[in-house]
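The hints should help you fit chain B onto chain A, whose structure is shown.
2 protein chains.
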Amino acid sequence: MIRWPLPEPMLRALDQARAAAAEGEVPIGAVIVRQGAVIAAAHNRPRALHDPTSHAEIEAIRAAARLLGSERLDGCDLWVTLEPCAMCAGAIVHARIARLYYGASDPKGGAVEHGARVFEQDQCLHRPEVYAGIGEDVASALLKDFFRVRR
Amino acid sequence: MIRWPLPEPMLRALDQARAAAAEGEVPIGAVIVRQGAVIAAAHNRPRALHDPTSHAEIEAIRAAARLLGSERLDGCDLWVTLEPCAMCAGAIVHARIARLYYGASDPKGGAVEHGARVFEQDQCLHRPEVYAGIGEDVASALLKDFFRVRR
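Chains as they are written, first to last, in this note's numbering: chain A, 1 to 151; chain B, 1 to 151.
FYI, nobody ran anything at the bench for these hints, they're computed from the structure. These figures come from a predicted structure and were not determined experimentally. Don't take each hint at face value.
Any copy will do: because identical chains look the same in the list, a pair fits if it lies in one copy or spans two.
What the hints assert, rightly or not - Below, simulated SDA-like cross-link-like pairs (lysine to any residue); rule was C-alpha separation at most 25 angstroms, straight line:
(1) 108 with 47
(2) 108 with 74
(3) 144 with 124
(4) 144 with 126
(5) 144 with 72
(6) 108 with 39
(7) 144 with 123
(8) 144 with 120
(9) 108 with 72
(10) 144 with 15
(11) 144 with 122
(12) 108 with 122
(13) 108 with 70
(14) 144 with 39
(15) 144 with 125
(16) 108 with 123
(17) 144 with 36
Only chain A is shown next, with the shape it has when bound in the complex (with noise of 0.2 angstroms):
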């Protein structure tokens, strides 16, 4: 059998996630393409950094603003291996990303397909392009490793 190969920025972001869980941070990678090229990749860092806002997305999308020099992404992809929650759904309004891009479905947290599910607000002043699935086995299985050892 063949498998379909992962986009090259997923499989960043997948880089991503394995880095956290080797910092004994929660398995979660984003990146942020612009005009075909990576200019950020970061995964959540919020125990080693004492930040509650340190999620992959927030990382990430900080990250691009700051390199571009401009708190608008217009134009701008994320990449991320989870489904975002409320709190990096917002961010992603915030910083005009165009698409967004995910792994793994997260009933339990996410704000895309579920729960708040924030670009769907009437309110929500930018809505972002959504293709979600991608190599969320993958995704998945980093989360489920990372937890199942520390139980």
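Frame of chain A, contents of chain B only:
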């Protein structure tokens, strides 16, 4: 007529909102209180910092967590001049803020009593006590003045 005085933390948050306006940032301020003392005071600085996540609440939460050396702000209260958006409401959950006090309601962007209603979701892991309408007339006037000058 004697006006009932605003609580000290909201006065400090309103001072932060004025500081934001003086810097050309949207006038919203926030403080974190722990055991009766203000441990962090901040305002939004997305333009100055080139950071779309730089809302008053996020800045205050990050500063307090850094100060305490913990990703969780158990037992801490957040005072903010405007109803938090989805991003900030999510951060309040992640930080385990005990009590949220806010000034003006925000039908356009708020996610506490409007839109995504983050704390009302079944999946919400932590719900702060919420107290609204504290100093809302002052908080609203600061925002209206700011945008009137710019239109």
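Okay, the hints, checked on the actual structure:
{"no.": "1", "hint": "108 with 47", "result": "within (21 angstroms within a copy, 33 angstroms between copies)"}
{"no.": "2", "hint": "108 with 74", "result": "between (30 angstroms within a copy, 22 angstroms between copies)"}
{"no.": "3", "hint": "144 with 124", "result": "between (33 angstroms within a copy, 21 angstroms between copies)"}
{"no.": "4", "hint": "144 with 126", "result": "between (33 angstroms within a copy, 23 angstroms between copies)"}
{"no.": "5", "hint": "144 with 72", "result": "between (34 angstroms within a copy, 24 angstroms between copies)"}
{"no.": "6", "hint": "108 with 39", "result": "neither (30 angstroms within a copy, 32 angstroms between copies)"}
{"no.": "7", "hint": "144 with 123", "result": "between (35 angstroms within a copy, 19 angstroms between copies)"}
{"no.": "8", "hint": "144 with 120", "result": "neither (29 angstroms within a copy, 28 angstroms between copies)"}
{"no.": "9", "hint": "108 with 72", "result": "between (29 angstroms within a copy, 19 angstroms between copies)"}
{"no.": "10", "hint": "144 with 15", "result": "within (16 angstroms within a copy, 46 angstroms between copies)"}
{"no.": "11", "hint": "144 with 122", "result": "between (35 angstroms within a copy, 23 angstroms between copies)"}
{"no.": "12", "hint": "108 with 122", "result": "both (23 angstroms within a copy, 9 angstroms between copies)"}
{"no.": "13", "hint": "108 with 70", "result": "between (33 angstroms within a copy, 23 angstroms between copies)"}
{"no.": "14", "hint": "144 with 39", "result": "neither (29 angstroms within a copy, 37 angstroms between copies)"}
{"no.": "15", "hint": "144 with 125", "result": "between (35 angstroms within a copy, 20 angstroms between copies)"}
{"no.": "16", "hint": "108 with 123", "result": "both (24 angstroms within a copy, 6 angstroms between copies)"}
{"no.": "17", "hint": "144 with 36", "result": "neither (31 angstroms within a copy, 41 angstroms between copies)"}
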